[in-house]
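K.L.:
Work out the full structure, taking the sequences as your base and the hints as a guide.
If you read the sequences in order, they're chains F and W. Just so we're aligned, residue 1 is where the first sequence starts under the numbering used here, counting upward by one. Just so we're aligned, residue 426 is where the second sequence starts under the numbering used here, counting upward by one.
Take these hints with a grain of salt, some might be off.
Mimicking EDC-like on lysine to aspartate or glutamate, the simulated pairs with C-alpha atoms at most 16 Å apart in a straight line are [to be verified]:
(1) F/LYS147 / F/GLU127
(2) W/LYS737 / W/GLU774
(3) F/LYS312 / F/ASP288
(4) W/LYS567 / W/ASP555
(5) W/LYS805 / F/GLU375
(6) F/LYS380 / W/GLU800
(7) F/LYS380 / W/GLU774
(8) F/LYS147 / F/ASP77
(9) F/LYS295 / F/GLU282
(10) W/LYS737 / W/GLU678
(11) W/LYS805 / F/GLU349
(12) W/LYS556 / W/GLU515
Part of the chain F face toward chain W, derived, beta carbon under 8 Å [unchecked claim]:
(13) ARG71
(14) PRO177
(15) GLY187
(16) GLU238
Calculated directly from the structure, the hints in this document are not laboratory data. All C-beta atoms, glycine included, are put in the ideal place defined by N, C-alpha and C.
Number of protein chains: 2
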Amino acid sequence: MAADQTNSLRFGRKAITVEEAQQLILNRAELLPAEAVPLELAHGRRLAQSVIADHPVPHFRRSGMDGYAIRASDSLDAEALRPVALRVTEMIPCGSVPERSVQPGEAARIMTGAVVPEGADAVIMLEMTDKLLAGDGPEGDKVLVRKSMRMGDNITPIGQEIEVGELLLETGRRIGPGEAAILATFGFAEVRVHRVPRVAVFSTGSELLPIEAALEPGRIRGSNSHMLACQIREAGGEPRLMPILPDCPETVEAALLQALDWADILVTTGGVSVGDKDVLVELFQRWDGELIFNKVAMRPGSPSSFGWWRGKPLFALSGNPGASFVGFELFVRPYLKAIQGCACPLPRECTALLDADYGKGSAYPRYVRARTYTEQATLKVAPAGRDKSSIMVSIKDAECLLCIPAGGQAPPRGALVRVLQLAEA
Amino acid sequence: MAADQTNSLRFGRKAITVEEAQQLILNRAELLPAEAVPLELAHGRRLAQSVIADHPVPHFRRSGMDGYAIRASDSLDAEALRPVALRVTEMIPCGSVPERSVQPGEAARIMTGAVVPEGADAVIMLEMTDKLLAGDGPEGDKVLVRKSMRMGDNITPIGQEIEVGELLLETGRRIGPGEAAILATFGFAEVRVHRVPRVAVFSTGSELLPIEAALEPGRIRGSNSHMLACQIREAGGEPRLMPILPDCPETVEAALLQALDWADILVTTGGVSVGDKDVLVELFQRWDGELIFNKVAMRPGSPSSFGWWRGKPLFALSGNPGASFVGFELFVRPYLKAIQGCACPLPRECTALLDADYGKGSAYPRYVRARTYTEQATLKVAPAGRDKSSIMVSIKDAECLLCIPAGGQAPPRGALVRVLQLAEA
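P.N.:
Listed below in structure tokens is the structure:
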């Protein structure tokens, strides 16, 4: 961004769209370094490497049944009442290697998951056979095969599930149960993942009390930091809750600067409106950093601001709980995902039918805390509760953000609306 | 369960429905003890107490604007070009307490979020006023009010968001961002939550190699334990990966018994089919515990078994990766949620249109690893990939389980089907 444009932003406030703001943020996202962690501790982390199959799965011809490995041609004339007798040469349990190949007239007893011996080209289920005990004939154990098998029956060929060279996991992918199964199968006792983003969380406002304090007239306990800490954890970050910031911009600057020793990212709430004590606004006017935006065309959270300072980002969110929550989801979470390597860091979108009378329109697009549910495969969405930006109690029921476009009138009940999903993926 | 019924289950195998199996499991769920943890560490834990409002929110009449607190009756005749002059008595920032009440003819400068002083019954936005500096009149600072206000304008009454005695969080609820905000607001520096369930995870199978081992002919690396560890973490549990169990039931019994020193729950995979080396089946025949079920009418995972031993549960899941994954979601996760206090521990259901040609039916209901997506607010569902129970590679793409009912034919493309959601709530 050109210096004169930055300057004009410092003293005026030009609203940009949410999409523009997200793009400006993601333009600044640089991958965190990689580190190796034991697979057992890698849950929820994002891969700093892709995983390509270095062996096929299965890597041997695998029996899909308990039974006998045979040559299908030997069973050509077999029927339930006219069985074919084959000589049993060995027993092949799982995890062992066959000792001989199956010759015409022979069979090998085999377990589900075991290696099919050479020569054999089918496995017949145990239930379709009968064992002739030693002593019943001159040549040791025999088995009676009571069904005609085709070549390949009950054998999983090499590479049927995964072929050598197949891309199994792309870099940036979040490690969940299925990813862990693949990593284990391919021997990743340690896995390279991006470092956990460290996020220092500050609240501003002289009305704020620490959580353990008794209530005082005119003062409230700070709740945004604790809410944001949970959001940061859900986005794969490590939060650190910092002391409540005073109203003095010099002190704020010193506190933020000190946090940068540890933190990759600074997040503040409050102090961004234009009022007498809006300490973040004052900070942006005096600091030696870059102010990238300080107004976004959205409700709640239009004074959400984003700056760059000493090589690191500062997200200054609005102090209202609802605005703080939404600002995190739209701006901070995508950034945290991007620096951990996520290829699609913006919230996943879907469409739903509006199941509420939303009332009057708004000059800016609204992001309403909401819930979805289905009725006969139709996805419906409704606000999670009272949605004023100052209201905190409905955040607990928000599973998604319902997008109400700007305009004189909100969409009517039954209208198709955009929905942003909040769950991590 | 009567002893003779248990005995018949030990030696025969009677398939029960998934719903019956879930009920038998939940009947055994006893709440884990509560412990106090700092709110900062409570993310993802479940409340062992309900939270009831012990004060209203806001607990004072709160200004919704930057402006002046006035008596509405004083502004009755005010217009943009015919302002009313009021004497400014004080300045009330956030977090402070007004020093005097507002008398007729008076106004108090006030910030957003600050206490509205007694006597005042409206707040007028700063933009609708002009300040008369000291010296402009004989009585100190005056403000020109340019709009007629109504009683209550821009004042949030006491208790508007939350009333005293309101139930805010029910016991068993999972602590996420919105819950943390409420807990902070009500002073819960520590919060009582249920202890984290400790789950020992065992794999069986002599074909299994440890993850760090080089591949050998006929052997594969064990992947189920790592997959299950992630599923356990997602369900709020603490997994411990145990060494691979050998084929000897005596050794298995000793290893499981030892794990019970630490574990609340035992989970095993493999060894539950009826084959020569099905060590869990053998264990169930020789141990001094109770076998509650050992066959469920479902695909994959019909040999999923559940027992009770020394006061603790043993979930014996099928060894195929797909069956293991599904068995965990249908049986183990609900149990883990229930013992942490969750009131609705079964997977959330919705309906969707089947967007695939599923092919032939099945004697048992199928639980297919699947994904959902919307098109014009219609929820559609399709398998996440190849779904044979032996196939592991598609688990990573599973976001839900698509339920295909039992029957000669699977539902056609476009049919309405049940979907079980996997994400935690």
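K.L.:
Is the hinted pair W/LYS737 and W/GLU678 satisfied, with a Cα-Cα distance of at most 16 Å?
P.N.:
holds (14 Å)
K.L.:
Does F/GLU375 sit within 16 Å of W/LYS805, going by the straight-line distance between their CA atoms?
P.N.:
holds (12 Å)
K.L.:
Interface hint check: F/ARG71, Cβ to nearest Cβ on chain W, cutoff 8 Å. Holds or violated?
P.N.:
With Cβ-Cβ at 20 Å, over 8 Å, it is violated.
K.L.:
Check the hint pairing F/LYS312 with F/ASP288 against an upper bound of 16 Å on the C-alpha distance.
P.N.:
holds (12 Å)
K.L.:
Does W/LYS556 pair with W/GLU515 here, judged by a C-alpha cut-off of 16 Å?
P.N.:
Roughly 13 Å between the alpha carbons, so the hint for W/LYS556 and W/GLU515 holds.
K.L.:
Holds or violated: are the alpha carbons of W/LYS567 and W/ASP555 at most 16 Å from each other?
P.N.:
holds (9 Å)
K.L.:
Can F/GLY187 be said to touch chain W, with a Cβ gap under 8 Å?
P.N.:
Because about 6 Å separates F/GLY187 from the closest Cβ in chain W, which is inside the 8 Å limit, the hint holds.
K.L.:
Can the restraint linking F/LYS147 and F/ASP77 be considered satisfied, given a maximum Cα separation of 16 Å?
P.N.:
holds (8 Å)
K.L.:
Are F/GLU238 and chain W close enough, Cβ to Cβ, to be under 8 Å, as the hint says?
P.N.:
violated (11 Å)
K.L.:
Tell me if F/PRO177 is really an interface residue toward chain W, meaning its C-beta lies closer than 8 Å to one of theirs.
P.N.:
holds (4 Å)
K.L.:
Sort out whether W/GLU774 lies within 16 Å of W/LYS737, counting only the CA atoms.
P.N.:
violated (29 Å)
K.L.:
Verify the proposed pairing of F/LYS380 with W/GLU774, using a straight-line Cα cut of 16 Å.
P.N.:
The hint holds at about 14 Å.
Checked against the numbered hints above, the structure violates hints 2, 13, 16; every other hint is satisfied.
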